[in-house]
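So for the sequence shown, the numbering used here puts the first residue at 358; every next one is plus one.
Calculated directly from the structure, the hints in this document are not laboratory data. Careful, some of the hints might be misleading.
Claimed, not checked - Here are the in silico distance ranges between beta carbons for each label pair: (1) 392 with 437: 29 to 35 Å; (2) 418 with 446: 18 to 24 Å; (3) 366 with 394: 31 to 37 Å; (4) 468 with 397: 22 to 28 Å; (5) 368 with 458: 32 to 38 Å; (6) 493 with 381: 40 to 46 Å; (7) 386 with 437: 36 to 42 Å.
Because the structure is a prediction, the values reported are computed rather than measured. Each residue gets a CB set at the ideal place from its N, CA and C atoms; glycine is no exception.
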Amino acid sequence: TPIFARLPQVAAAVYARFHSGVFDSWTWRTGPFLWLASFAIWSIEMLRLAIVMRALGLELHPAEIVFVGTAASLLLAVPTPGGLGAVEGGLLGLMRLIGVAGGVAGAVAIVDRVITYWSVILTGGLLFVFTRLKRR
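Use the sequences and the hints to build the structure in full.
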């Protein structure tokens with residue numbers, strides 16, 4: 358493609374690998390599976406958030422859950438480890454924006470992040486320690 362001609366050789370090689378990885382993975386054979394898997398993963402994300410909200414006594418319209426959940430997922434792109442701080446603040450702010458009381462919104466943000474962030478940190482840390490002990 359014309360973009361290769363304008364890039365330094367090293368950057369062109371990186372771009373070529375990226376381009377190949379993105380566009381060669383989408384074929385008529387793999388595409389439907391990837392779409393289905395993506396839909397399933399996003400559905401589970403929204404279901405988890407809905408379960409957390411319901412457990413804390415909050416009942417929102419499914420569209421509001423999808424809005425809050427998708428926006429929170431986009432906040433993971435903020436350059437902090439795992440979106441730490443940005444996602445919690447974003448969840449809180451978005452729920453306040455749609456009329457959720459501050460205490461309930463804060464509780465949802467904290468419980469959801471304990472499940473999605475801190476449980477992964479704890480599990481990974483324990484696995485790291487146990488694999489180090491096993492190697493000795």
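Of the numbered hints stated previously, which ones are contradicted by the structure, given in increasing order? Those not satisfied come down to hint 5.
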